[in-house]
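Put together the whole structure using the sequences plus the hints.
Protein chains in written order, with this note's numbering: chain A, 1 to 88; chain B, 1 to 964; chain C, 1 to 219.
What the hints contain is simulated information worked out from the structure, not anything from laboratory work.
Check before you lean on any hint, since a few could be wrong.
[Unchecked claim] Within a straight-line C-alpha distance of at most 25 Å, the following computed BS3-like cross-link-like pairs (lysine-lysine) qualify:
id, chain 1, residue 1, chain 2, residue 2
1, B, Lys873, B, Lys665
2, B, Lys670, C, Lys45
3, A, Lys83, C, Lys45
4, A, Lys83, C, Lys122
5, B, Lys346, B, Lys417
6, C, Lys45, B, Lys160
7, B, Lys417, A, Lys74
8, B, Lys259, A, Lys74
Listed below are the residues making up each chain.
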Amino acid sequence: MKLLQCPVNGIRPLSEFSYGGEFRTMPDPDSCTDQQWAAYVHYRSGAPGYKKEWWYHMPSGTWFIAERNTITDKVSRTYLLPKMEVAV
Amino acid sequence: MSSRLINQPTEWIDRDKPFSFTYEGQKVTAFEGDTISSALWANGIRVLGRSFKYHRARGILTLANHDVNALMTDGLDTNIRADVLPVQADMTLTAVNTTGGVLKDRSQFIDKISPLLPVGFYYKAFHTPRRFFPFWEDKIRKAAGLGEVNFNYPRIPKPKQHAHCDVLIIGAGISGLSAALSVAEQGLSVIIVDENAKAGGSLTYDMADQASSQLAELLNAIEQHDNIRLITNAYAAGYYADHLVPIVETSGITKVRAKALIVASGAFEQPPVFRNNDLPGVMMGSAAQRLIYRYAVKPFEKGVVVTANDYGYRTALDLVSAGVDVLAVIDMRREGSRSPLIDELKDKQVAVHKASCVYEVIASKHKLGVSEVVICAYDELMAEADTKNKIRLKCDGVAMSAGWAPAAALLYQAGTKMRFDSGLQQFVPAELPEGVFAAGKVNGVFELSQRALDGQRAAAEAMNYLGKSVATVEVKQHQGTSPSHAYPVVNHPKGKNFVDFDEDIQVKDFINAAKEGFDNIELMKRFTTVGMGPSQGKHSNMNAIRILARIRDLPVEKIGTTTARPFFHPTPIGHLGGRGFHPHRYTAMHEWHIENGGQMTAAGLWMRPACYLPEGCHLTAQQATHQEAMAVRTKAGIIDNSTLGKIEVYGPDAAAFLERVYTGKFVRQKVGQYRIAMLLDEAGVMVDDGLACRLEEDRFYLTTSTTNSAMVYRQLQREAQLCGLSVSLANLTGAKAAMTIAGPAAAEIISQFSSVDLAATAFPTGSVVETQIADIECLLLRVAFVAEQAFEIHLPAAAGLSVWSQLMQAGQPFGLQAYGTDAQRLLRLEMGHHLIGHDTDGLTNPFEAHAEPLIAMDKTFFTGQRSLQIIAKKPLNKTLVNFVLDSNCVGELPNECNLVIDNGDIAGRITSIAFSPYLQRVIGIAFVPPEKHLPGSRFDIRNDAGDLIAATVIQSPTELAKSA
Amino acid sequence: MKSTLLKSPIAFAQLSQAPQMEVVNGMLTAVRFADKAIESQRAHKLAICDTSAFQRVSIKGSQAANYLQQLGVTLPETANQWQLTDERLVMRLGNSEFLIEDQTQNVKPAVSELSSAKGVHKVSRNDAAFILTGNDIHPLFAEICEIDLVAELATENHLVMTVIAGVSATLLSQTLNGERIYRLWCDGTYGPYLWKTLLNIIEQAGGGAVGLHHFYPKI
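Take a look at the structure:
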């Protein structure tokens, strides 16, 4: 099974983590069209290549981002979002 | 007659430890260290099994678990690999897949009618006439399969272990052992694994170049290192991401996580293909060597060696030294060999014939062995024998060699790109993934001294990869003749020249498959079933590729290979189960539930009582549930609600945070009040609901449903950090116990422990207070989910059992009864409340569930708001309603998920339904078309029997009770 | 009204072993499972002990470190480290959460006296807490944990948050009364399962349960 590096706790087997979906930026709900909002809610990028993903380390409750190549399944880096350096 | 040889210096058997076992009803003697097959062969027993399809008699082929000719059962285990399993005293074995024993197998007639059973015959026969299919299906089911399952198989847990090392080496042959020493000398930790009973690989049977003394030196050196862990009798089952390799032993699986992996797993010897190459007595050259050097057994009395490479010459000398009368070496190559061993063989009066082949083997009586071989001149380019001149030699055995296929399964699984080396006539690694290295025969290195160097080279590369700088090692390219032959196949008009011995596949099967259009390697595999038997193509895949290449007139590299999937050898399911860790969560009151007959059921990870059936109680579960529910309606009931999710939200922005995430308003909520907190996802779908209690200006206590507690907490954590509001979260789900006391006597019972004024005017629904109950700090709420009067208590879990017990005792005079989750379901249904995730599904939006009052669309932002704006523009297409069945309804009670039918069309479905003992009516919740949402509307439900049952929409069951 | 007795989260799982129970910090706790000699043997081979009775609290938030330091509490300097000072164990879980465990009743200020403040969030807990010890600890860890626990905990004062037998847990290693011990904390509601699962493996290996008095005779 794969290993993943939690930015705070180090390298751990994938079973310690929970996948949190693709990292996406929400469009401004006040100014976007209904179509743009629907695309944000329902569409995901299926193109092969590097994807930013949300991952959660369950024993410590740490949310972080992983950049993963969906063809080779290699994770090039994992990091805390700057505004998430202090866990809540 | 015994075929046991005198003491061999290299033997694995211990002659001081003899014992006996039983095979096919016959008592057989053996020594400790013998495998089942070696012991049988030593005793002159030649028929070790019957083939899968044609039930042909079979003996030793590879003696390496690369074939399943000798597959046996002891009545319990049906997967006994007799060739490699050490035999034990008193084992009672029979061959699988026979009717009436291995010698007299009545199914052997199938071999005679084999022309009626070409490859893929079952796709064409049996399906018409259709009415006979059940008859054929029954026959075929009985015929297929290898062994009978014993349903009394004992459960013996085989715990799984984890292990970690710097370098994991697969294979303890000369390459693997050399690599292990190189790595260990640099101070890194090594685990080296070998599937054989002893380490050494081919050094334990291929005695060229003082193999055994080299082996002794290596093993001695290995022992000096504490950082080398050598595990024999263990195979690597497969390769998993980031160098995770499960090692399988009889005692269980060890999952090894390595920082680097060296695959030195060697190669499988491949058979030449000629008619009747499967008779008992025809075996691989390396099988003959294993018999001689490991088990001191003579492979046969008199015979020939047929070879398409130089290996046969080595084998011939080994046979001679074991006392076998070797009549000739038959070399299939036009140019023969320049092996220096030819002179030695000449000295021993062994004739050598080049450009010749074994055209066919003639079977002895009942096809139980070899009686003669027929030798012809052979054109290796056309793969045709010249049958004008045949030489017949009487003999009882044939040793055959044609080459090697790399044991590269783990390399493939790791993502290695292989290339076909025409000089070696073998696939070799071309591009290895990071951290994975190959050495020895699997890497195309065959010469003994070079194999040792190749191990050191791979070790050096692995160490450099791990950041330990060591000098690289040079290995010479292969020189001389190819260790493997390009096409060791002899055509024969009568066939039975086997390619895959597991599946009884002969050369013409490939030709027929290609004729039918199955001429690509994946289709060829599945149509012929080559490589799909228990040995998974170890002895057959390479020949299959060669044959298909010739049929298609393409080079081998254009044919490709099929996918090698885990496991390398069949792995017992008990091993895969291991001990089995299945966590459960228990509430603080669990002990009380058990003592009082709680019928504990898994509610997700939690154990909860569905109802109570205490000792001496003669009620059914449904009767007990009804009784519990009636107690709540008429007196008082208490339920353990500790499983609810509980989250503390603290900080100056606590209320603002809740307004952002939930649909309701919280900023102006007063301290001492709670409001419903409904959670939507971004699509506007209802996800969870709970209560948000304001305990202080900047402190909220939030509850969630049992199922969603972990998910909601995770979501809140992420959202809190992303939105930048000043708020801190704490998951108190396990820290607090909770209980609800409901019913007319609830307030009286609690008043015995609390000074809070519980009157409806002083403490209405929606109130929460931090107070003391039985001298414990707790939270008290007035709720209305299951009854009009109900109170919920949240308190530190460590005090849960004590407070519960005290309340139970105080409640006795009032008729307080504990109720379980089944009663709770019924009670909330009687109150007309839907359950998210039960009455709603993955698409239900709040408009469909009358939840508009909980949605504050005028807020700046909340999760799901934007989607609700879009949804609100569209017409509603279904709505949840409470309903009641007619009081005189007949017919089978409808179930959840039964459909609402309107004019023959599907118009909705039932989400909850139950008989209410309190109302004496059947009530429920359903999705119906919006036009039927008004109380009084009628609709039909189709029950499982197909009848339509009439139902009426009601405002809520409590209204029904009042009007009754 | 009788005063309420607290129970260890593992009490239910221990019932069948019928240990000698005593009240520690108001919580009914197993203090002895067998006579001293047998318990010593077990501790030497492989043993598990319930230490849930120690008083515990979490302090988290942006001002947590300042608040604690002002109260004189010695804090570990970086994430995933622990510090033992005068029988108060302080664990830094990640960057800004401190788990404080008092092993006697004499530590001041007591855990119960800590409170929330601006930027300081006091979180109550119900941990199941164990001590694991013995010569055969490595094979036990090899079964219950996927990571190399012994290697991870070899660094002095390091703690690890990982999964043990399917349950999220925090672990550290230290010396107690001259023995090398491992401490484990998990959510109390998983406690009975974890106690039962670990004890089963431990007993199969020839070890067993020991009571709190084996490690803390004076408590």
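Hints versus structure:
no., hint, in the structure
1, B:Lys873 <-> B:Lys665, "holds (23 Å)"
2, B:Lys670 <-> C:Lys45, "violated (58 Å)"
3, A:Lys83 <-> C:Lys45, "violated (48 Å)"
4, A:Lys83 <-> C:Lys122, "holds (23 Å)"
5, B:Lys346 <-> B:Lys417, "violated (44 Å)"
6, C:Lys45 <-> B:Lys160, "holds (21 Å)"
7, B:Lys417 <-> A:Lys74, "holds (17 Å)"
8, B:Lys259 <-> A:Lys74, "holds (16 Å)"
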